[in-house]
Amino acid sequence: MGPVFRRVVACLIGWVLVAPGWAAPGVREQMKGLDEQVQDIKTDVLAIAAELNRLEEKLLYPSGTQVSLFVSLASGEGFRLDAIDIQLDGKEVAHHLYTFKELEALQKGGVQRVYTGNITTGTHALQVSVIGKSEGGSDYRHTTTANIEKGIGPKLVEIRLAGPGSGPGIDVRER
Amino acid sequence: MNRVRRCIYGGMLLCLPAMTSASGGLKDLHFGEALYYARQGEWFSAIARLDHELVQYHDLDEPQLDSLHFHINDAEFSVGDFELSYRMHNRAGRAIKAVLEANVAPAVRNEAAYRLAKLHFQKAQPAQALHALERIDGPVPDSIRDDLAFLRAQVYLANGRFSEAIALLEKLRGAEAYRGFVEYNLGIALFLAGRQEQAVMQLARAGEVAGADAASQAIRDKANFVLGSRLLEDERFAQAVQYLDRVRLKGPFSNRALLSAGWASASQEQYDRALVPWTLLAGRNVTDRAVQEALLAVPYAYGKLDVHGKAALLYGSALEAFGKELSRLDASIVSIREGRFLKALVREELKQDSNWVIKLRELPDAPETWYLTELLASHDFQESLKNYLDLEALRKKTAAWAGHLAAYEEVIALRRAYYQPLLPAIDRQFRLLDSQRKLRLEQRDHLNQRLQSLLVMPRPELLITAEERQVSERLVRMEQGIDRRRADAAPVLARIHRLKGVLHWNIHTDYHRRLTEAYTHLRELDQAIQRLDEIYASFVRTRQAATQSYEGYEDTLRRLKARAVRAQETITRLMARQGSLMEAMAIEELDRRRQRLEEYQVKARFALADSYDRATGKQGTEAVAP
Chain D
1 MGPVFRRVVA CLIGWVLVAP GWAAPGVREQ MKGLDEQVQD IKTDVLAIAA ELNRLEEKLL
61 YPSGTQVSLF VSLASGEGFR LDAIDIQLDG KEVAHHLYTF KELEALQKGG VQRVYTGNIT
121 TGTHALQVSV IGKSEGGSDY RHTTTANIEK GIGPKLVEIR LAGPGSGPGI DVRER
Chain U
1001 MNRVRRCIYG GMLLCLPAMT SASGGLKDLH FGEALYYARQ GEWFSAIARL DHELVQYHDL
1061 DEPQLDSLHF HINDAEFSVG DFELSYRMHN RAGRAIKAVL EANVAPAVRN EAAYRLAKLH
1121 FQKAQPAQAL HALERIDGPV PDSIRDDLAF LRAQVYLANG RFSEAIALLE KLRGAEAYRG
1181 FVEYNLGIAL FLAGRQEQAV MQLARAGEVA GADAASQAIR DKANFVLGSR LLEDERFAQA
1241 VQYLDRVRLK GPFSNRALLS AGWASASQEQ YDRALVPWTL LAGRNVTDRA VQEALLAVPY
1301 AYGKLDVHGK AALLYGSALE AFGKELSRLD ASIVSIREGR FLKALVREEL KQDSNWVIKL
1361 RELPDAPETW YLTELLASHD FQESLKNYLD LEALRKKTAA WAGHLAAYEE VIALRRAYYQ
1421 PLLPAIDRQF RLLDSQRKLR LEQRDHLNQR LQSLLVMPRP ELLITAEERQ VSERLVRMEQ
1481 GIDRRRADAA PVLARIHRLK GVLHWNIHTD YHRRLTEAYT HLRELDQAIQ RLDEIYASFV
1541 RTRQAATQSY EGYEDTLRRL KARAVRAQET ITRLMARQGS LMEAMAIEEL DRRRQRLEEY
1601 QVKARFALAD SYDRATGKQG TEAVAP
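Heads up: the protein sequence lines correspond to chains D and U, in order.
First residue of the first sequence? That's 1 in our numbering, and the numbers climb one at a time after it.
First residue of the second sequence? That's 1001 in our numbering, and the numbers climb one at a time after it.
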């Protein structure tokens, strides 16, 4: 067992110190070539996505009737947003339950497009309801209503949310 | 130039500015939307949205009026960041090179060179990384000063320039962000430079890095393990045990540290001590190669302690375990060849968990994943896997788009079927109403002209009422109808003249009030006309929208469908190639394990026989002893 032992130790040392080079050089070349092709197809698909976005916007949400609702969190907000419910002219147009990742994205300054649709020009009633938990852990519910004015161009509305005790709980801002 | 501008900011990657970290300063909702996806690691959506916004922004005649203008620098910077995160190195690399060749400030160019070097280093191209670093000359932004020094040290290490790496790492010791990493890398650099004793001291220091966070624990484990292993190789066994014992029992290096600690003790012929870590290790999951080796090492130690019966039993158990493992390996290889490994890798539920590679081990119907944790964690495999997963996501996207495009065609056909029969009648009615509208507008203009002229030359007769006109005409008729030869004609004529006088008086004295009233009416008419214009414009827009809702899409749809189909074909082909490469890597790894287990089996069989012989011999000796 002595020589075996030595060999085992030698193997062990090699195993420890040499980073596992899983792919042989030939395979690595193949991987590199494939990686280049994957990058190319990503570029192609992104270009298709861009054209498709333009088409969708023109076909489904023409600028004359387009309305988009965005949700953001006021800076420094630590309250936990669980769900949002939005009604436009008395009809529910969006209901969203937030995952941890989504909430974190909002807390880091991301803005969620929660609804895109079509409305006529003129005044429309918007009702926003929020369910969540305050930083202290108590249940938090808040509802607000606002009128939005739809003109000829696309209408963007930001719904900025804040927790209890920090300014307006739901601030509707027309853009 | 856009590309260059993009790169200027694309060069400043991986540290999104504080301004965008809270929506308080956010002026452009679309940019915020791209950030929303980026913060969730959905790079494709983030790039697609931001690219779309940037293209629109650069197409504007007056981009400074657009809300993205407030964030244009961040947006250009972020899209480069997203591209790198989405591992589109070529696109990001080309962009960075464009900065290097552009006429930009030295600090910007230096930062771009740093990013390019980092890109090359990540792609295992140390020579190119060094070449990029050599282009840095002059001021470097403070925000990347330490990052640059650390990267430079890593690149020097990879290129065999150890003493330069050591000098840089020593200077970096105060950098908080790289605290443990600097200590560890410095130890490795000293080893590679052949300065053994200094390396030992340095790694020992790295093994005592303060901090309870996961990164500090990992650095401590790795430093202690590597140091212990080097000392074991140098046959400094007692010292080796000292460092190997510091490795946590639950960390990723635990199994190998226990195995090495056992060998270090065994090398000093302290077999009873070696049995402590080995016995602990032998009770762990048998798929681990260190555990497999421990299954042989434990009976080996018992043998050395002259407990041959126990050794024989344990060799027997090891043989049984190896046999089971070999069967499982065979089943795993079959499973991989049947494509189940790739199916397991793309499971949606796994991606919801950040530790999904570890979760893979728990899949009941993918036994091969038990054996591939190390392979899955290797850089080469990770790169292949990420590509495979990206391709899978692209496949799903393009497949969904094919469905969307078919639905859009149907929408367009439905709209055409609805609008086309209606529009001719609507157009006819519109033309009729439009001619009436034009007539009314002409009348209004005529009235306006008249009123304007009355301001210059008053003409009260133009403002008489309809009743006054009728009365006036009646009086004229009556006057003409009177026979002036009759004796009673004179008083009648006098009355008529008096009435005409009253009429004339009223018309002239009431002139200014009437003019004002006429203007008021004209303004009211203008309001009505304004409303009419709004309705007209609204109708024209709606009419145009009706046509635009189904006309002019054919070419775009046809082109998009063709592109989506081509993309799907390419994705399928690339997935097949990437998948078979990964399967080959996995099978090769399993084969390696298989061969090792077979070697262990042979050794175990010989050792088992030897142990039986010795145990039997010992029993015989004891039996004949008085």
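It should be emphasised that the hints constitute simulated quantities derived from the structure, not laboratory data.
Do not take every clue at face value.
[To be verified] List of simulated lysine-lysine pairs, DSS-like, C-alpha gap at most 30 Å:
1. K1304/U with K1027/U
2. K150/D with K91/D
3. K1603/U with K1310/U
4. K1097/U with K101/D
5. K1310/U with K1618/U
6. K1097/U with K32/D
7. K1027/U with K133/D
8. K101/D with K1343/U
9. K1123/U with K1171/U
10. K1396/U with K108/D
11. K1618/U with K108/D
12. K1027/U with K58/D
13. K1343/U with K58/D
14. K91/D with K101/D
15. K155/D with K1027/U
16. K1222/U with K1386/U
17. K101/D with K1396/U
18. K1386/U with K108/D
19. K1396/U with K32/D
20. K58/D with K1222/U
21. K150/D with K1027/U
22. K1123/U with K1222/U
23. K1097/U with K1386/U
24. K133/D with K91/D
25. K1123/U with K1396/U
26. K32/D with K1123/U
27. K1250/U with K1386/U
28. K1386/U with K32/D
[Claimed, not checked] One side only, chain U facing chain D, incomplete, derived with CB under 7 Å:
29. E1033
30. A1048
31. D1051
32. M1088
33. L1385
34. N1387
35. L1389
Ideal placement from N, C-alpha and C gives every residue a C-beta, glycine not left out.
Verification of the supplied hints:
Under the criterion of a C-alpha separation no larger than 30 Å, the hint pairing K1304/U with K1027/U is inconsistent with the structure, at around 76 Å. With a C-alpha separation of about 17 Å, the suggested pairing of K150/D with K91/D holds against the 30 Å cut-off. A C-alpha spacing of about 17 Å is found between K1603/U and K1310/U, which places the hinted pair at or below 30 Å, so the restraint holds. A hinted pair counts as satisfied when its Cα atoms are at most 30 Å apart, and K1097/U with K101/D does not qualify at roughly 34 Å.
For the hint linking K1310/U to K1618/U, the alpha-carbon distance of about 13 Å falls within 30 Å, and the restraint holds. For the hint linking K1097/U to K32/D, the alpha-carbon distance of about 20 Å falls within 30 Å, and the restraint holds. Proximity of K1027/U to K133/D is assessed by CA-CA distance (about 28 Å); at most 30 Å being required, the pair is judged to hold. The straight-line distance between the Cα atoms of K101/D and K1343/U is roughly 25 Å, inside the 30 Å bound, and the hint therefore holds.
Only pairs whose Cα atoms come within 30 Å are accepted, and K1123/U paired with K1171/U is accepted, the gap being roughly 26 Å. Between the alpha carbons of K1396/U and K108/D the distance comes to roughly 28 Å, so the proposed pair stays at or under 30 Å and holds. For the proposed pair K1618/U and K108/D, the alpha carbon gap of about 73 Å is over 30 Å, so the pair is violated. For the suggested pair K1027/U and K58/D, the alpha carbons sit about 24 Å apart, so the restraint of at most 30 Å is met.
Of the supplied pair hints, the one linking K1343/U and K58/D is violated, its CA atoms being roughly 38 Å apart against a limit of 30 Å. Annotation: proposed proximity of K91/D to K101/D holds, straight-line Cα distance about 28 Å (limit 30 Å). Taking the CA atoms of K155/D and K1027/U, the gap is about 15 Å. The hint holds against a cut of 30 Å. Distance restraint check for K1222/U and K1386/U: the Cα-Cα separation of roughly 26 Å lies within the 30 Å cut-off, and the hinted pair is therefore satisfied.
Only pairs whose Cα atoms come within 30 Å are accepted, and K101/D paired with K1396/U is accepted, the gap being roughly 22 Å. For the proposed pair K1386/U and K108/D, the alpha carbon gap of about 25 Å is at most 30 Å, so the pair holds. Proposed proximity of K1396/U and K32/D is supported: the alpha carbons are some 24 Å apart, at most 30 Å. For the hint pairing K58/D with K1222/U, the CA-to-CA distance comes to about 57 Å; that exceeds 30 Å, so the pair is violated.
Taking the CA atoms of K150/D and K1027/U, the gap is near 20 Å; set against the 30 Å cutoff, the hint holds. A hinted pair counts as satisfied when its Cα atoms are at most 30 Å apart, and K1123/U with K1222/U qualifies at roughly 23 Å. Proximity of K1097/U to K1386/U is assessed by CA-CA distance (about 25 Å); at most 30 Å being required, the pair is judged to hold. Distance check on the hinted pair: K133/D and K91/D sit about 26 Å apart at the alpha-carbon level, within 30 Å; holds.
In summary, the hint linking K1123/U to K1396/U is supported, as the alpha carbons are separated by about 27 Å, within the 30 Å threshold. Simply put, K32/D and K1123/U have alpha-carbon atoms about 9 Å apart, close enough for the 30 Å limit, and the pair holds. Pair hint K1250/U plus K1386/U holds up; C-alpha atoms about 28 Å apart against a cutoff of 30 Å. As the CA atoms of K1386/U and K32/D are separated by approximately 13 Å, the hinted pair is consistent with the 30 Å bound.
The beta carbon of E1033/U is positioned within 7 Å of a beta carbon in chain D (closest approach about 5 Å), and the interface hint is therefore held. Taking 7 Å as the C-beta contact cut-off toward chain D, the hint placing A1048/U at the interface holds, the least distance being around 4 Å. With a cut of 7 Å, the hint placing D1051/U at the interface with chain D holds, because the nearest CB-to-CB distance is about 6 Å. At its closest, the beta carbon of M1088/U sits 5 Å from a beta carbon of chain D; the interface hint therefore holds under the 7 Å criterion.
At a threshold of 7 Å, the smallest CB-CB gap from L1385/U to chain D is about 11 Å, leaving the interface hint violated. Interface restraint check for N1387/U: the shortest CB-CB distance to chain D comes to about 5 Å, inside 7 Å, so the restraint holds. A least Cβ separation of about 11 Å between L1389/U and chain D goes past the 7 Å threshold, and the interface hint is therefore violated.
Checked against the numbered hints above, the structure violates hints 1, 4, 11, 13, 20, 33, 35; every other hint is satisfied.
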